[in-house]
Amino acid sequence: GQQLNQSPQSMFIQEGEDVSMNCTSSSIFNTWLWYKQDPGEGPVLLIALYKAGELTSNGRLTAQFGITRKDSFLNISASIPSDVGIYFCAGDSSNTGKLIFGQGTTLQVKP
Amino acid sequence: SAVISQKPSRDICQRGTSLTIQCQVDSQVTMMFWYRQQPGQSLTLIATANQGSEATYESGFVIDKFPISRPNLTFSTLTVSNMSPEDSSIYLCSVDSGPRQGGIDYGYTFGSGTRLTVV
Chain A
-2 GQQLNQSPQS
8 MFIQEGEDVS
18 MNCTSSSIFN
28 TWLWYKQDPG
38 EGPVLLIALY
48 KAGELTSNGR
58 LTAQFGITRK
68 DSFLNISASI
78 PSDVGIYFCA
88 GDSSNTGKLI
98 FGQGTTLQVK
108 P
Chain B
8 SAVISQKPSR
18 DICQRGTSLT
28 IQCQVDSQVT
38 MMFWYRQQPG
48 QSLTLIATAN
58 QGSEATYESG
68 FVIDKFPISR
78 PNLTFSTLTV
88 SNMSPEDSSI
98 YLCSVDSGPR
108 QGGIDYGYTF
118 GSGTRLTVV
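Keeping their order, the protein sequence lines are chains A and B. No gaps in the numbering here: position 27 of the first sequence is 24 in our numbering, and each next residue is one more. No gaps in the numbering here: position 58 of the second sequence is 65 in our numbering, and each next residue is one more.
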């Protein structure tokens, strides 16, 4: 079946540093999404990407939909302690709302 | 975007029993989905809850174990039947609240989840 390979699995960075994580797949996706999940909570949608090549920002977050439609990256600039959490990429290959999720990137930020 | 309320938020259940999880949305949505997140893992789609018809299950999930109801466009339930410790997970309701306009405010919204522990 379809899979999303998300990397890195975990990151431990200093406050103020920039962060980059990515997802790749052997399959084409029509929509790429990036979520953040805090402990005890459901995933919160950060950025949604609907067109190949699309580059979208949300505050300090920037994400891109790869031109091949098989990958996406998320950048976080000037990280702060509240950025701590698990970040998931997700893809919708069929525009049905059904999502495939990456394995997640656990981000820790040292003040 | 749609606001989703899930109940209960957490529960501890005895093996062999069943638990029904409710998902209420503050607006009518076309698509509702149920996901499972096993401890320390990512999310896996269980099924699509179809209004007025039987749910559509993903590979590895069956109706006898996870019966789903969707009586209207704002409400759905997921039952975890004949539970075992392996069913201990977070169960999440998701909706696709469209329309598609990019950015962050449309579609693919999740509830806060139901944390289930089976003992």
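Hints in this document: simulated from the structure, not taken from any laboratory. Treat the hints with care, since some could be wrong.
[Said to hold, decoys possible] Cross-link-like lysine-lysine pairs, in silico, DSS-like; alpha carbons within 30 Å at most:
#	chain 1	residue 1	chain 2	residue 2
1	A	107	A	48
2	B	14	A	33
3	B	72	A	95
4	A	67	A	95
5	B	72	B	14
6	A	107	A	33
7	A	33	A	48
8	A	33	A	95
9	A	48	B	72
[As the list claims (entries may be wrong)] If you want the ones that stay clear, here's a sample from chain A, every Cβ over 12 Å from chain B, calculated:
#	residue
10	5
11	11
12	96
13	107
Backbone N, C-alpha and C fix where the C-beta goes; we use that ideal spot for every residue, glycine too.
Verification of the hints:
| no. | hint | verdict |
| --- | --- | --- |
| 1 | A/107 / A/48 | 35 Å, violated |
| 2 | B/14 / A/33 | 21 Å, holds |
| 3 | B/72 / A/95 | 20 Å, holds |
| 4 | A/67 / A/95 | 17 Å, holds |
| 5 | B/72 / B/14 | 19 Å, holds |
| 6 | A/107 / A/33 | 18 Å, holds |
| 7 | A/33 / A/48 | 21 Å, holds |
| 8 | A/33 / A/95 | 18 Å, holds |
| 9 | A/48 / B/72 | 38 Å, violated |
| 10 | 5 | 15 Å, holds |
| 11 | 11 | 25 Å, holds |
| 12 | 96 | 7 Å, violated |
| 13 | 107 | 22 Å, holds |
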